[in-house]
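Asks: Sequence:
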Amino acid sequence: MNIFRMIKYTLAVSAAAFTAAAVSSCAKSDSFNSKVHINEAMRYMRNKYGVEFTYDEDSTKAITEGASDNKDEYVDVLLTCEKLPDLKIRVCSSDGDKFFDDLVPKKFEHQALSDIQLAAKTVYTGDKPKVMLLLNEKNEMADRTLPADTSYEDFLLSGALGLVEVYTDDSDAPLEDYRRLSNMLASNDINCKPSVYYFTDNSYEDITKDAPAKAYDGNDKKLGHISIKNDECILNEEFDGDIMIDDLYALDTDAVYLKIFPADNEDTAAYDAMFVPHDGTAVTESKAE
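In our numbering, the protein residues as written are 119 to 407.
Errors might be hidden in some of the hints.
Pair by pair, the computed Cβ-Cβ distance ranges are [what the hints assert, rightly or not]:
#: 1; residue 1: D174; residue 2: G359; range: 40 to 50 Å
#: 2; residue 1: E355; residue 2: D382; range: 21 to 31 Å
#: 3; residue 1: A387; residue 2: N165; range: 54 to 64 Å
#: 4; residue 1: D272; residue 2: D204; range: 14 to 24 Å
#: 5; residue 1: N348; residue 2: N306; range: 16 to 26 Å
#: 6; residue 1: D382; residue 2: D204; range: 49 to 59 Å
#: 7; residue 1: T240; residue 2: N157; range: 25 to 35 Å
#: 8; residue 1: P265; residue 2: D324; range: 33 to 43 Å
#: 9; residue 1: T198; residue 2: T243; range: 34 to 44 Å
#: 10; residue 1: M362; residue 2: S232; range: 23 to 33 Å
#: 11; residue 1: R164; residue 2: M362; range: 38 to 48 Å
#: 12; residue 1: K377; residue 2: K166; range: 33 to 43 Å
#: 13; residue 1: D358; residue 2: T172; range: 38 to 48 Å
Quick caveat, the hints were computed from the structure, so don't treat them as lab data.
From the three backbone atoms N, C-alpha and C, an ideal C-beta is built for every residue, glycine too.
From just these sequences and the hints, can you work out the full model?
Replies: In C-alpha cells, the structure reads:
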C-alpha cells in the first residue's frame, strides 16, 4: 500500500469512528431521563411557576433504574425548589410536548390530611382513625396537574386528592358512618374517593404507603371495607352514587353494592355480617367494656 492509499484509508476509518461516536452521543442525549430531557422538564417548571428548580438526582435514581418499561417515555424526575424545600416534586412527560407535575397537590396535601383527619375523628369513635392520601400513581398525574395559581379551596374541589383511605376499629354502624363521612367531606367541598377499612383493633397503625391495607397480611384483624364503586370522586358529575361493600377476611364473599344515599327499600342484611369479628379475632378493650 503506497503512502497515498494509507492516508486515504486512515481518514476513512477516522470518519467512520467519528460518525459512530456522534450517533451514539445523539442517541444518549435523546434517551429516557437524558440531560436534555431533564433540562426541558426544569424549563417547563420554571416557566409555569416563575422560580428555579433543582434536579434531585438521588431521588430520581430509583425511577430511572427501574425504567425498563419506560424506554418509550421522555422524562420522569423529581425536582426541588427553595420556595418549598421539603417537597420533592414529580415532573413527567411521555413525548416532551405535554408535561405533568404535582407541585400544587404536594403543597396542599398536608393541610388536606389534617382537615380529613378532623372529619374522621368526628365520625369514628374508636381508637384514633388513620387517614392516608394515596393518589401518587403516574397514570393519575394528569389529574394532579393544576394551574400554578390554584388556591387551597380550588385544590380540594378539583378532585386531585383522589383516593382517601381511612382505617378504623369503630364498626358499630359502618354504613351509616361511611355515609356520614362522605356527606361531611362533600359539604366541605372536599372532592375525593373515600375508602374506609374496618379492623378489630388499632393494628392498622402499622399500615404505610409502602404496605397499604390491600397488602396488609393481618387478615384476622380485618373486617369489612366500604368504598366508591366506580373511579369517580364524590362531587364529580359522573359519580353515580354507587358504593361497594366487601369482606376483607373471607375473600370468596361477593361484594354488596348500595347507593351512597339510603334507598327506601334498602336491605342491609347482606353486609351486616361483614363487620362482626370472626372466630379467633381479638376484641378491643373499649368494645369489651
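Asks: Could you run down the list of hints and mark each one as holding or not?
Replies: Taking the hints in turn, this is what the structure says about them:
no.: 1; hint: D174 - G359: 40 to 50 Å; result: holds, 42 Å
no.: 2; hint: E355 - D382: 21 to 31 Å; result: holds, 25 Å
no.: 3; hint: A387 - N165: 54 to 64 Å; result: holds, 58 Å
no.: 4; hint: D272 - D204: 14 to 24 Å; result: holds, 22 Å
no.: 5; hint: N348 - N306: 16 to 26 Å; result: holds, 22 Å
no.: 6; hint: D382 - D204: 49 to 59 Å; result: holds, 50 Å
no.: 7; hint: T240 - N157: 25 to 35 Å; result: violated, 48 Å
no.: 8; hint: P265 - D324: 33 to 43 Å; result: holds, 38 Å
no.: 9; hint: T198 - T243: 34 to 44 Å; result: holds, 41 Å
no.: 10; hint: M362 - S232: 23 to 33 Å; result: holds, 27 Å
no.: 11; hint: R164 - M362: 38 to 48 Å; result: holds, 43 Å
no.: 12; hint: K377 - K166: 33 to 43 Å; result: holds, 41 Å
no.: 13; hint: D358 - T172: 38 to 48 Å; result: holds, 44 Å
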